[in-house]
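Peer 1: All chains should be built: construct the whole structure from the sequences, respecting the hints.
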Amino acid sequence: FRACSMSRVFFYFFEILKYILPETMPSYKLTYFDTQGFAEVSRQLFALSDTPFEDNRLPREEWPEYQKCTPFGKMPVLEVDGQKLPQSFAIARFLARKFGFAGKTEWEQAWVDALGDQFKDYLNAFLPFFRVAFGTATGDLEAMKKSDGEPIRDNFFGILEKQAKDNGSTGFLVGSSLTWIDLIVADHMGVVEYHLPHFLDGFPEVQRVRRNVIETPKIKEWLEKRPERPY
Amino acid sequence: MPKYTLHYFDMRGLGELCRQIFALAEVDFEDKRYDMEKEWPAFKSQTPFRQLPVLEVDGKFIPQLYAHCRMLATEHGFAGKTPFDAAWVDAIADQHKDFYWGDFKKFWWRALDAAEGDLVHEELKTKFGIPERDKFFPLIEKQLTETGTGFLVGDSVTWADLLISEHVSVIVRVVPGFLDAFPETKKHAEKIRTIPQIAKWIERRPVTAH
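Quick mapping for you: the protein sequence lines, in order, are chains A and B.
Mapping the first sequence onto the numbering used here, position 147 (from 1) lands on 147, and the numbers just tick up by one.
Count along the second sequence from 1, then add 1000; that gives the number in the numbering used here.
For the record, the hints were derived by calculation from the structure and aren't laboratory data.
This one's a predicted model, so the numbers in the text were calculated from it and none came from an experiment.
Backbone N, C-alpha and C fix where the C-beta goes; we use that ideal spot for every residue, glycine too.
Some hints here could point you the wrong way.
To be verified - In silico BS3-like cross-links for lysine-lysine, where the CA-CA straight-line distance does not exceed 30 angstroms: (1) B:K1032 with A:K162; (2) B:K1060 with A:K104; (3) A:K68 with B:K1106; (4) A:K98 with B:K1105; (5) A:K84 with B:K1142; (6) A:K104 with B:K1127; (7) B:K1060 with A:K162; (8) A:K84 with B:K1186; (9) B:K1003 with A:K162; (10) A:K120 with B:K1127; (11) A:K74 with B:K1125; (12) A:K84 with B:K1044; (13) B:K1044 with A:K120; (14) B:K1186 with A:K165; (15) B:K1105 with A:K68; (16) B:K1060 with A:K98; (17) B:K1106 with B:K1081; (18) A:K120 with A:K29; (19) B:K1044 with A:K145; (20) A:K68 with A:K146; (21) A:K74 with B:K1135; (22) A:K162 with A:K146; (23) B:K1044 with B:K1125; (24) B:K1106 with A:K120; (25) B:K1097 with B:K1135; (26) B:K1191 with A:K84; (27) B:K1125 with A:K104; (28) B:K1135 with A:K104; (29) A:K29 with B:K1186; (30) B:K1106 with A:K145; (31) A:K120 with B:K1105.
Stated by the list, open to error - Quick partial rundown of chain A residues pointing at chain B, CB under 7 angstroms, derived from the structure: (32) F72; (33) L85; (34) Q87; (35) F89; (36) A90; (37) F94; (38) E106; (39) A110; (40) D113.
Peer 2: And the structure:
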């Protein structure tokens, strides 16, 4: 319970500070495991916008205790001046809207959201095969690749390939500037290719989006300094 | 006002949330319903992700239920009054999605069509229905207790209220007593359904099994 009561203290501290100094920038703390996973998109949004944040990477053994004071029993959790927000996409969208990476119009924002949710559906279907590929589950990798990995990949990356092309082959999935869906896709591709080299070679437009993301100076800088983890 | 068409099957299912947002906002829309066998195959290739529901706005499509519902709700003031509130609406909706499409589904899809004395149904309820219910609905109870407003986020109705109350009202009908340990959740669902625009929609919507 120490973790929970500390964050209460933190919250009240910032309420008082906000009263004294109404124009201060909010303080951000992002808590997740020490992996990229579902927190990486938000870390990259902080990097892109040059916004300082506490990158709280929780050791596995501290998770059972910390879990008790999370809103939904899961991570990541974002704290904004001590106020908590769960769910990785709610967090990413909140930060992206604040920092200008959510899409420039209502329509673009809706399309970014749609691709984000489609990615989530794809990942849920893809993970049983992918876990075998990165070694946290057992199975016949080659058989599962043919029965699951490839068809599921082709279905989703086919959608992305068309989207990137219809968007003018600009290196952005939606609109004419970086959005959080570009970051999610690029990060995921990096993780896939690390464990399954050449698995995503057949999608040149999406590869263009990925190159665009990793060559963006602030992302490049972040990628160079972040802890390297397998996923 | 743009011309809206919601494309979905002839059921409440994943189309109901969008229809309720239109009802709440008092915005006209074409409620296009496809026969799964006879009409859907022909339309499928015209949709961006080969899935329904899809919302058509002045001839252009937005797929993915939450994406187009969030857009509509935001436009009409039902997505939370501040950016942080809007993020909490999103978080509750995503948590419900994880619950609904996770292990709960193994019980729920059977429950929707179960006959009296269906033993497999009882087995699935014990193995999946009850444990998953007991992970998700305490979060809803807590949220309602914390806001104290009768709404899940802030002090006014959001699309999270529509999403949760619709599912709860079906659970209460299909599995009587299943949510008795969650009084705030049941009260919330009853209250949302009495909002005049929602009550009117419920009265006039096509009656379908799901």
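Peer 1: List in ascending order the numbers of the hints, as given earlier, that are violated by the structure.
Peer 2: 4, 6, 12, 14, 17, 20, 23, 27, 28, 29
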